[in-house]
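K.L.:
Sequence:
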Amino acid sequence: MDKYEQLLQTLVTEISGIKNELGGIKSEISNIKEDISDLKSGQQRLEGNQQRLEVNQQKLEENQQKFQTDMNEVKSDIKELKAIVSDLEPKNANRHLEIEQDLTEIKNNLKKLEVVTGLNCVDITYLKSVK
Numbered sequence: 089m090d091k092y093e094q095l096l097q098t099l100v101t102e103i104s105g106i107k108n109e110l111g112g113i114k115s116e117i118s119n120i121k122e123d124i125s126d127l128k129s130g131q132q133r134l135e136g137n138q139q140r141l142e143v144n145q146q147k148l149e150e151n152q153q154k155f156q157t158d159m160n161e162v163k164s165d166i167k168e169l170k171a172i173v174s175d176l177e178p179k180n181a182n183r184h185l186e187i188e189q190d191l192t193e194i195k196n197n198l199k200k201l202e203v204v205t206g207l208n209c210v211d212i213t214y215l216k217s218v219k
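Numbering (this note's numbering), first residue to last: 89 to 219.
Treat the hints loosely; a few may be bogus.
[Said to hold, decoys possible] For lysine to any residue, the following SDA-like pairs were computed, each having C-alpha atoms within a straight-line distance of at most 20 angstroms:
| no. | residue 1 | residue 2 |
| --- | --- | --- |
| 1 | K167 | E177 |
| 2 | K200 | D190 |
| 3 | K199 | I187 |
| 4 | K216 | G206 |
| 5 | K114 | G130 |
| 6 | K167 | P178 |
Hints in this document: simulated from the structure, not taken from any laboratory.
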C-alpha cells in the first residue's frame, strides 16, 4: 500500500498545485475582464468626445461661412463707397471753383458798392451845402 499511498499523495499534491494555478489563472482572467471593461468605458468616452468635437467643428464651419458672407458684404460696401467718393471728388472740385467765382463776384460788387456809397456821400454833402 505504500505505493498506492505515495501515488495518491503525489496525485493530491499535483491536484493541489493545479488548483493553485487555476486560482492564479482565475485572478488573471478577472484582471483581464476589468481591463476590458475599462477599455470599453474609455472607448465610450472617446466616442462621446468625438461626437462633441464633430458638433463643434460643424458650428465652426457655420460661423466661418457667416464670417465669409459678412466679409464679402463689407468688401462690396467698400467698393460702393470708393465709387461714391470717386464721383464726389470732381463734383466737389467744381463746387469749389463755383464758390471761388461767387466770392470773387461778391468782392467786386462790394468794391462797386463802396465806390457808389462814396459818391453818394459826396452828393449828400454837396446837397447839404446847396441848401
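K.L.:
Determine for every hint whether it applies to the structure shown.
P.N.:
A quick look at each hint next to the structure:
no., hint, verdict
1, K167 x E177, "16 angstroms, holds"
2, K200 x D190, "15 angstroms, holds"
3, K199 x I187, "18 angstroms, holds"
4, K216 x G206, "15 angstroms, holds"
5, K114 x G130, "24 angstroms, violated"
6, K167 x P178, "18 angstroms, holds"
In this structure, the one hint that does not hold is number 5.
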